[in-house]
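S.K.: Protein chains in written order, with this note's numbering: chain A, 9 to 234; chain B, 9 to 234; chain C, 9 to 234.
Calculated from the structure, these hints are not laboratory results.
Heads up, some of the hints might be wrong.
For chains that are exact copies, the list does not tell them apart, and a pair is met inside one copy or across any two.
To be verified - List time: in silico PhoX-like cross-link candidates among lysine-lysine, alpha-carbon distance up to 20 Å:
1. LYS49 - LYS104
2. LYS49 - LYS155
3. LYS104 - LYS50
4. LYS43 - LYS155
Values in this document were obtained by computation on a predicted structure and should not be read as measured data.
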Amino acid sequence: MVYDIIATSGSTPYLIGYIVTALASGLLYFLLSKKWDNVPKKFPIIHFFIVTWSGLMYLNFLNATPLSDFGWYMDWMVSTPLILLALGLTAMHNSKTRWDLLGLLMGLQFMLVVTGIISQESGMTFAYWIGNALLLGVIYLLWGPFKQMAYETSDTLGKSYTTLASYISVFFVLYPVVWYIGIPGPLNVLNGFQTSVAFVVLPFFCKQVYGFLDMYMIHKAEEEMA
Amino acid sequence: MVYDIIATSGSTPYLIGYIVTALASGLLYFLLSKKWDNVPKKFPIIHFFIVTWSGLMYLNFLNATPLSDFGWYMDWMVSTPLILLALGLTAMHNSKTRWDLLGLLMGLQFMLVVTGIISQESGMTFAYWIGNALLLGVIYLLWGPFKQMAYETSDTLGKSYTTLASYISVFFVLYPVVWYIGIPGPLNVLNGFQTSVAFVVLPFFCKQVYGFLDMYMIHKAEEEMA
Amino acid sequence: MVYDIIATSGSTPYLIGYIVTALASGLLYFLLSKKWDNVPKKFPIIHFFIVTWSGLMYLNFLNATPLSDFGWYMDWMVSTPLILLALGLTAMHNSKTRWDLLGLLMGLQFMLVVTGIISQESGMTFAYWIGNALLLGVIYLLWGPFKQMAYETSDTLGKSYTTLASYISVFFVLYPVVWYIGIPGPLNVLNGFQTSVAFVVLPFFCKQVYGFLDMYMIHKAEEEMA
Chain A
9 MVYDIIATSG
19 STPYLIGYIV
29 TALASGLLYF
39 LLSKKWDNVP
49 KKFPIIHFFI
59 VTWSGLMYLN
69 FLNATPLSDF
79 GWYMDWMVST
89 PLILLALGLT
99 AMHNSKTRWD
109 LLGLLMGLQF
119 MLVVTGIISQ
129 ESGMTFAYWI
139 GNALLLGVIY
149 LLWGPFKQMA
159 YETSDTLGKS
169 YTTLASYISV
179 FFVLYPVVWY
189 IGIPGPLNVL
199 NGFQTSVAFV
209 VLPFFCKQVY
219 GFLDMYMIHK
229 AEEEMA
Chain B
9 MVYDIIATSG
19 STPYLIGYIV
29 TALASGLLYF
39 LLSKKWDNVP
49 KKFPIIHFFI
59 VTWSGLMYLN
69 FLNATPLSDF
79 GWYMDWMVST
89 PLILLALGLT
99 AMHNSKTRWD
109 LLGLLMGLQF
119 MLVVTGIISQ
129 ESGMTFAYWI
139 GNALLLGVIY
149 LLWGPFKQMA
159 YETSDTLGKS
169 YTTLASYISV
179 FFVLYPVVWY
189 IGIPGPLNVL
199 NGFQTSVAFV
209 VLPFFCKQVY
219 GFLDMYMIHK
229 AEEEMA
Chain C
9 MVYDIIATSG
19 STPYLIGYIV
29 TALASGLLYF
39 LLSKKWDNVP
49 KKFPIIHFFI
59 VTWSGLMYLN
69 FLNATPLSDF
79 GWYMDWMVST
89 PLILLALGLT
99 AMHNSKTRWD
109 LLGLLMGLQF
119 MLVVTGIISQ
129 ESGMTFAYWI
139 GNALLLGVIY
149 LLWGPFKQMA
159 YETSDTLGKS
169 YTTLASYISV
179 FFVLYPVVWY
189 IGIPGPLNVL
199 NGFQTSVAFV
209 VLPFFCKQVY
219 GFLDMYMIHK
229 AEEEMA
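All chains, please: the whole structure from these sequences, using the hints.
M.R.: Structure (structure tokens):
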């Protein structure tokens, strides 16, 4: 149902552009990590999976598969916890990795996406609001314990982290807004074309662009510390 | 099919009660961990995911989604390996974490749940018996290597672990019994209402109550060691 | 659709043979690890999950379930990353575990399998070619960084690793060939019976036999080093 609306909305050129830039960015991260060799390899690897997985899932919007109605969620379930993993590891750069907090952050985000599926499929909008409560947990972790960890290592890292966390926080709040006023949500303010394009533009900044930004920030922070 | 039987059985108030206590317990674990600050943070985090994931999956029984027929398994695939992770980490408290044994324990439990899906959907009851063989492996690990690890650290920890392992072992054996005599299994001794309520009562003790019990046991063991 | 073709092709005895040898091998790895006690426990554990998961997923070909059309992919999504995990851990035997490279290797393989599902279900053969590009990445990692790590530890380990990597590389290239000329692919050179039997023979060597080979190689390498 969602798929049919998206597929017939005329947004296909945007979807193709998204997929092509996603796969291309995945390769570019690796090329860039040869030049910026002070960035630990785990960062290009995580960003590669964020964009490549997202690109693959958007293939489900080009032609019908059993996943087509859930293409966004199939993407988000993997890519958005990885976005937070990259952000969390940036905060913990050059200090001890706190896997318990990273697990909490990624798990909250994963469940938040699952509430979207349940809400879309069952029409129970309160599942969406449970998801927003989980998002509050994500925001709290980003601006509480993770920010503190970044500043404990160095002021440079703290500032870089704050920039990245602001960037991601704004986008991660826009996602449920678009969902609510778009095709999966109850309001239908946005039509199929607008929802589809919004879910091309938002992830383009959260994934493709974010990967370069994150790697650049770590590269610069390393240079200043050296 | 399973969903239709559950949804029309009149068990909805029980399902709602389960979901509400699950989400509430998730929050309580975090509040409690501020008071019992000798309990490592990974324990409230794991127990939070056990109950919250379970609560979210039970939403699929309130209103139809593509997951509704598999709601129990979707819950169990994530929550029951996490229950065993908490139990295994309790056994390894204050000693080296043996990730190979934890992986074996959680993987056996995950596959056991998958045999339930296959058995329900295909009617091949021998898949259920393969699942029981995997459960034997889980029980062996809990009472063999994990019990030994707990006693090697201290007698106090050994006793606490034995209490928790007995508690979980009893419930984990009751699950396949209810499955076999309930709606998904071949016998149909229990009707839709009875199966649904049984799968509210069992997880309430295995998840909500178990989280408090586990955290209390670790809190007490830490106090005695100090 | 795929399931119907497989189920009526007369390959059932082969499928049953595959399932039985898979479950039996899983047990044998543990028995063998008592005799070859210089092999770290993680190896029999990983190989146990490779064959047991594969055996369980092939149950979906005996009787219809919602997973039956995706039985191969459900198997491969879990078992083939684990095959590469065992190979990668063999390369890193007695040296530092590089989780970033293991994650990259396993993630590439996982996404490669997902392109197979999308390609089969949507008829977009270019998804299959994206999968082949991901396979090139897997092959590069196996013959570049991982081979180097094995030789850095010892010549004996390097040679054992090279044997295992050659073995797996040949089979992992044969999989997409059979897919392309078989039932899921566009050419249909192989009929249902031939595809089904090919996907019993290939995994039998990649999973059941490979587990013994890997454990034997590590056992021998350990003996020579001692």
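S.K.: If a hint holds in the structure, say so; if it doesn't, say that too.
M.R.: Results for each hint:
{"no.": "1", "hint": "LYS49 - LYS104", "verdict": "both (17 Å within a copy, 15 Å between copies)"}
{"no.": "2", "hint": "LYS49 - LYS155", "verdict": "between (23 Å within a copy, 18 Å between copies)"}
{"no.": "3", "hint": "LYS104 - LYS50", "verdict": "both (15 Å within a copy, 15 Å between copies)"}
{"no.": "4", "hint": "LYS43 - LYS155", "verdict": "neither (28 Å within a copy, 24 Å between copies)"}
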